[in-house]
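Those protein sequences? They're chains A and B, same order as listed.
Here our numbering runs 4 ahead of the position in the first sequence, where the first position is 1.
Here our numbering runs 423 ahead of the position in the second sequence, where the first position is 1.
Quick caveat, the hints were computed from the structure, so don't treat them as lab data.
Where a beta carbon is used, it is the ideal one built from N, C-alpha and C, also for glycine.
Mixed in with the good hints there might be a few duds.
Some chain A residues flagged as far from chain B (calculated, every beta-carbon gap over 12 Å) [unchecked claim]:
#	residue
1	175
2	205
3	206
Capping the alpha-carbon separation at 20 Å, the derived lysine to aspartate or glutamate pairs in DMTMM-like fashion look like this [to be verified]:
#	chain 1	residue 1	chain 2	residue 2
4	A	144	B	517
5	B	523	A	133
6	B	450	A	74
7	B	450	A	196
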Amino acid sequence: MIKSGTVKTMTSDKLIEVNGLTAIFDEKVILSDVSFHANSGEITVILGSSGSGKTTILKHLLGLYPSGEDAISVLGKNPSQLDEAEEKQFYRQIGVLYQNVALLNSLTVAENIALPLEQHTDLPSGFIEKMVRLKLQLVKLQDSYDMYPSQLSCGMLKRAALARAIIMDPPLLCCDEPGSGLDPVTMASLDELIVNLKDLLGITVLIVTHEVSSILRIADRAIFLDEGRIIFEGTLTEALNLDNPTVKEFFYKGRGN
Amino acid sequence: MLRRERTAASFLLEDNTLRISGKLSLKEVNQLLSDIGNKLQNYTSDLLIINLDGLDYIDSAGVTAIYYLIDKYRENGVSVDIAGGSNSIRRKLELFRLEKSGLKGSRLKTGFFEMLGSSALYLFNEYILGFFQLAADITYWSVTDLFRKQMSRKGEFYNQAVQIGVNAVLIVGAMSFIIGLVLALQSAAQLRSFGANIYIVDLTVIAMMSEMGPLITAIMVAGRSGSSIAAEIATMKVTSETDALRTMGLNPIRFVIVPKMHGGIITLPFLTIIADVLGIAGGLVIAFTYLDISPVVFVHRMEECLYLKDIIFGVIKSVVFAFLIVITGSYFGFRVKQGAEDVGKVTTNAVVVAISLVIIADSIMGLLFY
Numbered sequence: 005m006i007k008s009g010t011v012k013t014m015t016s017d018k019l020i021e022v023n024g025l026t027a028i029f030d031e032k033v034i035l036s037d038v039s040f041h042a043n044s045g046e047i048t049v050i051l052g053s054s055g056s057g058k059t060t061i062l063k064h065l066l067g068l069y070p071s072g073e074d075a076i077s078v079l080g081k082n083p084s085q086l087d088e089a090e091e092k093q094f095y096r097q098i099g100v101l102y103q104n105v106a107l108l109n110s111l112t113v114a115e116n117i118a119l120p121l122e123q124h125t126d127l128p129s130g131f132i133e134k135m136v137r138l139k140l141q142l143v144k145l146q147d148s149y150d151m152y153p154s155q156l157s158c159g160m161l162k163r164a165a166l167a168r169a170i171i172m173d174p175p176l177l178c179c180d181e182p183g184s185g186l187d188p189v190t191m192a193s194l195d196e197l198i199v200n201l202k203d204l205l206g207i208t209v210l211i212v213t214h215e216v217s218s219i220l221r222i223a224d225r226a227i228f229l230d231e232g233r234i235i236f237e238g239t240l241t242e243a244l245n246l247d248n249p250t251v252k253e254f255f256y257k258g259r260g261n
Numbered sequence: 424m425l426r427r428e429r430t431a432a433s434f435l436l437e438d439n440t441l442r443i444s445g446k447l448s449l450k451e452v453n454q455l456l457s458d459i460g461n462k463l464q465n466y467t468s469d470l471l472i473i474n475l476d477g478l479d480y481i482d483s484a485g486v487t488a489i490y491y492l493i494d495k496y497r498e499n500g501v502s503v504d505i506a507g508g509s510n511s512i513r514r515k516l517e518l519f520r521l522e523k524s525g526l527k528g529s530r531l532k533t534g535f536f537e538m539l540g541s542s543a544l545y546l547f548n549e550y551i552l553g554f555f556q557l558a559a560d561i562t563y564w565s566v567t568d569l570f571r572k573q574m575s576r577k578g579e580f581y582n583q584a585v586q587i588g589v590n591a592v593l594i595v596g597a598m599s600f601i602i603g604l605v606l607a608l609q610s611a612a613q614l615r616s617f618g619a620n621i622y623i624v625d626l627t628v629i630a631m632m633s634e635m636g637p638l639i640t641a642i643m644v645a646g647r648s649g650s651s652i653a654a655e656i657a658t659m660k661v662t663s664e665t666d667a668l669r670t671m672g673l674n675p676i677r678f679v680i681v682p683k684m685h686g687g688i689i690t691l692p693f694l695t696i697i698a699d700v701l702g703i704a705g706g707l708v709i710a711f712t713y714l715d716i717s718p719v720v721f722v723h724r725m726e727e728c729l730y731l732k733d734i735i736f737g738v739i740k741s742v743v744f745a746f747l748i749v750i751t752g753s754y755f756g757f758r759v760k761q762g763a764e765d766v767g768k769v770t771t772n773a774v775v776v777a778i779s780l781v782i783i784a785d786s787i788m789g790l791l792f793y
């Protein structure tokens, strides 16, 4: 364990570790004894049908829900037990793409994306503008620099939100349903971008999704969730060859068969 | 490779070559840029080679910093080249290269007169024309819906009449009573000083009937219902409810606004009369306690100074005010563009503009009916 206020990026190969996480809301068990890990520099996909508890896991990992002392370790820390300084440091190292986008409607796309840079660094404004334009170019939204979120389509909003998530070059990128609302071509190019970021910057990516085509393209490891329990954890190849009816059906139907 | 400890970025200037080494990420960029800026302040050569051989890690901020340097020195007439760098660094330089087209602002520069003209046109089209168009629409539907099957839910008119009118009785009544009281109180001392005590009745009655009653009522209703109309319509628009109504074949103006208009126009005159009566009652209390004018004398004097004309003008005013409040609320509600913050803004604007219009209309009608 690191004792000082700084969060060390690479404490082990396991950037995320979850041990026996249980979540109960209104006497309803959402997650029961969930344990898994995500290796650094890999794309880990949490998959499962709707209501299986995928988003709840993500919220625990981001410290939005409290968790027990040793249940969760993200970047070497338990995200729900950080003091103020640690919290700031912790969230600088995580980029999050939310399912419902969560861009601030009163700011332009560029202002939204520049927000973390402006708040956390002292970079000159010309430099920040270049960074913002670069990230917009990466998600193919160059022309939306001055637009407001309300002027963008669903897919464009998703891409703008991804640009905001990667503006700080975070070592950990978490995406909640990145593919929903996107056309197949845009989805493929986003997947390509995520793989590129992983390969070139060595970032770790955690994706919560049920888009099979996307999973097949990018996942290194897969964690399969069913009714709050993990029924499989391992590489994508292992998952595809697994003899479990739920997993089989998921991949089979997801491919459009 | 990832866990290898990397030293922070450093640089070295040898003749024409700027060697950057170590790790260049978001954390180091700012310091490095300012250090290089200081070092190269008096750089005179027209060639600069940025050598990246010693660099073992770079992220997108680092790449942006390299291009930032290149652009900066190219602007000063220095020709800049990049040399060296591992394969991975080269790939990142390629992936994170900002295309030139992306650098251009999407807005074209406009001349002063063009800007002035287009703002004037925008102002006229958006505000004045838009307001009158909506006002005409609402008036048309409000009148025609009186004579045919209405397009609102059953009981909606009744609901609106209760919300705009009945629920405001207490607050409007209380405010008028207090204002009548204060008005009489302030005048009492002056009137007493030259023995004109009885004129407190004329003063209170005329002021309340022709000015204060309708005005206080309209301002209270603009604050209560003008804001709620604007917020309701704005929220409906933000959440696409108005679109949903339209695609169900329901005109949002007829469905949402017309019942409010009817409710407002019917109830505001009654509210105004309640305000008049309670305001005069406030004056009566002061007349009795401070100037020793008994209620009987007060009412007797009131019969002499109160004309039917004043009452009717007060009622006409209140109808006009109701019309203005509903139209302003609706207009600003429909003007909403995006998100929660905008709903707040248009609501505030609706109240401010509604109250201003009420006061302007009051002074115009005051001149006409004088």
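Against the structure, the hints:
1. 175: Given a closest Cβ separation of 9 Å, the condition is violated.
2. 205: Non-interface label fails for residue 205 of chain A: nearest chain B Cβ at 5 Å, not farther than 12 Å.
3. 206: violated (5 Å)
4. A:144 to B:517: holds (15 Å)
5. B:523 to A:133: holds (13 Å)
6. B:450 to A:74: This hinted pair is violated, its Cα atoms lying about 30 Å apart.
7. B:450 to A:196: This hinted pair is violated, its Cα atoms lying about 26 Å apart.
Hint compliance for this structure: hints 1, 2, 3, 6 and 7 are broken, all remaining hints hold.
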